[in-house]
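Here the protein sequences come in this chain order: W and L. Here the first sequence stands for residues 1 to 379, numbered as in full-length UniProt numbering. Here the second sequence stands for residues 1 to 379, numbered as in full-length UniProt numbering.
These are calculated hints, taken from the structure and not from any lab test. Incorrect hints may appear among the rest.
Since the list gives no way to pick one copy over another, a pair counts as held whenever it fits inside one copy or between any two copies.
Said to hold, decoys possible - Distance condition first, Cα-Cα at most 27 angstroms in a straight line; then the derived DSSO-like pairs of lysine-lysine:
no. : residue 1 : residue 2
1   : Lys313    : Lys42
2   : Lys318    : Lys74
3   : Lys42     : Lys321
4   : Lys81     : Lys320
5   : Lys218    : Lys264
6   : Lys263    : Lys8
7   : Lys347    : Lys42
8   : Lys313    : Lys81
9   : Lys318    : Lys71
10  : Lys199    : Lys21
11  : Lys326    : Lys81
12  : Lys201    : Lys67
13  : Lys74     : Lys326
14  : Lys264    : Lys12
15  : Lys264    : Lys199
16  : Lys218    : Lys279
There are 2 protein chains.
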Amino acid sequence: MLEFKVLKQSEKSKARLGLLKTANGIVETPTLVPVATQAVVKTLTSEEAAAAGSQMLICNTFHLRLKPGEKFVKSAGGLHKFMNWPRPLMTDSGGFQVFSLGFGKDLGVGKIIKEKTGEIVRLGQQPKLLKITDEGVHFTSFLDGSRLFLGPEESMKIQQALGADIIFAFDECPPPAAEHAYIKKSLERTHRWAKVCLKAKRNKHQALFGIVQGGRYKDLRQESARFINSQPFDGFGIGGEFGEDKKSMMQMLGWVTEELDPKKPRHLLGVGYLEDIPKIIKQGIDTFDCIVPTHYARHGIAFISSGTLDLLKSVFLKDKKPLDPKCSCAVCANYSRSYISHLFRAKEITALKLLTFHNLFFFNQYVSKIREDIRNNKV
Amino acid sequence: MLEFKVLKQSEKSKARLGLLKTANGIVETPTLVPVATQAVVKTLTSEEAAAAGSQMLICNTFHLRLKPGEKFVKSAGGLHKFMNWPRPLMTDSGGFQVFSLGFGKDLGVGKIIKEKTGEIVRLGQQPKLLKITDEGVHFTSFLDGSRLFLGPEESMKIQQALGADIIFAFDECPPPAAEHAYIKKSLERTHRWAKVCLKAKRNKHQALFGIVQGGRYKDLRQESARFINSQPFDGFGIGGEFGEDKKSMMQMLGWVTEELDPKKPRHLLGVGYLEDIPKIIKQGIDTFDCIVPTHYARHGIAFISSGTLDLLKSVFLKDKKPLDPKCSCAVCANYSRSYISHLFRAKEITALKLLTFHNLFFFNQYVSKIREDIRNNKV
Numbered sequence: 001m002l003e004f005k006v007l008k009q010s011e012k013s014k015a016r017l018g019l020l021k022t023a024n025g026i027v028e029t030p031t032l033v034p035v036a037t038q039a040v041v042k043t044l045t046s047e048e049a050a051a052a053g054s055q056m057l058i059c060n061t062f063h064l065r066l067k068p069g070e071k072f073v074k075s076a077g078g079l080h081k082f083m084n085w086p087r088p089l090m091t092d093s094g095g096f097q098v099f100s101l102g103f104g105k106d107l108g109v110g111k112i113i114k115e116k117t118g119e120i121v122r123l124g125q126q127p128k129l130l131k132i133t134d135e136g137v138h139f140t141s142f143l144d145g146s147r148l149f150l151g152p153e154e155s156m157k158i159q160q161a162l163g164a165d166i167i168f169a170f171d172e173c174p175p176p177a178a179e180h181a182y183i184k185k186s187l188e189r190t191h192r193w194a195k196v197c198l199k200a201k202r203n204k205h206q207a208l209f210g211i212v213q214g215g216r217y218k219d220l221r222q223e224s225a226r227f228i229n230s231q232p233f234d235g236f237g238i239g240g241e242f243g244e245d246k247k248s249m250m251q252m253l254g255w256v257t258e259e260l261d262p263k264k265p266r267h268l269l270g271v272g273y274l275e276d277i278p279k280i281i282k283q284g285i286d287t288f289d290c291i292v293p294t295h296y297a298r299h300g301i302a303f304i305s306s307g308t309l310d311l312l313k314s315v316f317l318k319d320k321k322p323l324d325p326k327c328s329c330a331v332c333a334n335y336s337r338s339y340i341s342h343l344f345r346a347k348e349i350t351a352l353k354l355l356t357f358h359n360l361f362f363f364n365q366y367v368s369k370i371r372e373d374i375r376n377n378k379v
Numbered sequence: 001m002l003e004f005k006v007l008k009q010s011e012k013s014k015a016r017l018g019l020l021k022t023a024n025g026i027v028e029t030p031t032l033v034p035v036a037t038q039a040v041v042k043t044l045t046s047e048e049a050a051a052a053g054s055q056m057l058i059c060n061t062f063h064l065r066l067k068p069g070e071k072f073v074k075s076a077g078g079l080h081k082f083m084n085w086p087r088p089l090m091t092d093s094g095g096f097q098v099f100s101l102g103f104g105k106d107l108g109v110g111k112i113i114k115e116k117t118g119e120i121v122r123l124g125q126q127p128k129l130l131k132i133t134d135e136g137v138h139f140t141s142f143l144d145g146s147r148l149f150l151g152p153e154e155s156m157k158i159q160q161a162l163g164a165d166i167i168f169a170f171d172e173c174p175p176p177a178a179e180h181a182y183i184k185k186s187l188e189r190t191h192r193w194a195k196v197c198l199k200a201k202r203n204k205h206q207a208l209f210g211i212v213q214g215g216r217y218k219d220l221r222q223e224s225a226r227f228i229n230s231q232p233f234d235g236f237g238i239g240g241e242f243g244e245d246k247k248s249m250m251q252m253l254g255w256v257t258e259e260l261d262p263k264k265p266r267h268l269l270g271v272g273y274l275e276d277i278p279k280i281i282k283q284g285i286d287t288f289d290c291i292v293p294t295h296y297a298r299h300g301i302a303f304i305s306s307g308t309l310d311l312l313k314s315v316f317l318k319d320k321k322p323l324d325p326k327c328s329c330a331v332c333a334n335y336s337r338s339y340i341s342h343l344f345r346a347k348e349i350t351a352l353k354l355l356t357f358h359n360l361f362f363f364n365q366y367v368s369k370i371r372e373d374i375r376n377n378k379v
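Same shape as in the complex, but just chain W (with noise of 0.2 angstroms):
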């Protein structure tokens, strides 16, 4: 089940507020879903990261299915049950990690650091670990050089052995630098697998999103987002490559937004930084998946009101500061720059967890005063 309510949409801009409302909990929206790959956002307790404003998480399709394997976590009573996360969930389908294992690996590269990549992959050229054939992808396994295949079909099956409450269709997530006439072929086949998954899906209280690709070429967006738009889904993801530029990163959300059916969510997969954030609620996004708050905090680096931190710099340990004096959350409520930093340089991993906890909480709360700001006409 999945219902989604748009509560208002915004004058100035394409943003909305909504209430998504699924099997176990509702959803203020926009909002955004933070990462928690292996059924945990990395430092932090299930309670931890619903203490820090957390609505949503998103599981990974690929990870669990390598480990602990999606039987475990069905025989312990689904994701939800598993990582005590009695709250809404989602899991992608694993087609981003037939990006980031396969091109990506062989790139160097994540989605996040993607604007390095270069014009190095060539149409048709498949990367070491993974062969994508029109069933599926064949991957051999980074951590012990084992084979394993997934197509639409076994992601539906693990996805929905996994639970959540929203589940992506298997897609390919092509590599930035590819060319017209490979992203084509590339789109051909995710709109096949989004036909099979929507065949394959059976459980009723599971909604299940389509997932527009396309690249950076405006006539594949639209393609995508018109195909997709024409099937059964209950919301829509958005992946792939996002453009060159912030600028051009607007415009192809905007080609993709104008031919969605607006009562349906969009979840933008990936979004890469804090500023990022209030320009694609701008176009129209609901819900987006994020690592940067945790990722950054694992190195260092706090979010803060006038901009970052680097706690691993000296100067921060004569700072009896909290990381944010305007912020209200329970690290900077007790612990100084001056703790953490210490905590940083002897290599304690409270420091981690302290940072990763702050960090999220400061962008949950960067979002809801953005949910503030459409409410009150003011985005």
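Using the hints, position chain L against chain W.
The following block gives chain L in isolation, referenced to the frame of chain W:
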């Protein structure tokens, strides 16, 4: 300030129930003092260490001298404020590091695996990373090769800057294998340093404990206990070698506690195992520090009512029970062996924290039960 009140002396053993009143709160004794070496119980926040039932923590003077340096802690308002632990705190003197980074490092051992050392160290042999003189200890930092001198006056100065409620006199903790003649010489030094520490102590709100040494030799243990007891210390630490087996450990503790003023509190420095705890309490020990619950947690070992579990074993992936079905901690209430086992196998940091919390709660409950047993004339 320090007030110690024996509420009840057992009639069955030397065990006693007490209240230890410090400038930052009251401790019910006997109690475990969890180790917060670098001003943090590894993987936990201070709030979590308290929620796990910890009453008092012990930090490490030597490590905090190196990182972040006591001046940063002092400028932050002292250790309590720095680490957000507005409760009783101890700092040890740095004496154990003289062993573990000197002789211990050369022998490849810490105190916890002392039984493996054998008779390698000969009388007067000096380890590579430090040089012990009558004034104190010259360290070569294992972090960056820099030189550091720590003597009784330096240790007092650092511990006063750190500001714990209970501080320890600077001692030499001789290697387990050392012979009588070496221990005797070392003991004279430790006793001389004890007097220097008493003279160097300035802060009235801090209590100073003298440390009894003497290795495995009855005459030296008794001599040390009598000497330390004759000095105006607020309480006692018992350190160093505890003999080759549990029986000799208890015998040795008996030699010492018989000589100590029963009105003053007794802290046993570094207890190895869970099964030692009831035994040392029956020898009249009031407080003791122990890395076992936290250290073993980080290696995947859970302590439970029926023994221990190695969560890295794959059998636990399908075990839906909590770590300990009889445990009332937040981890056992919310998470399964299956999930925690998955997190360990997936190398997720959250695993370390969940297990540390449980183990610490378990140990604290275990000791709380012994207090109850003393109260009810069962111990």
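Can you give the numbers of the hints that this structure goes against, from lowest to highest? none
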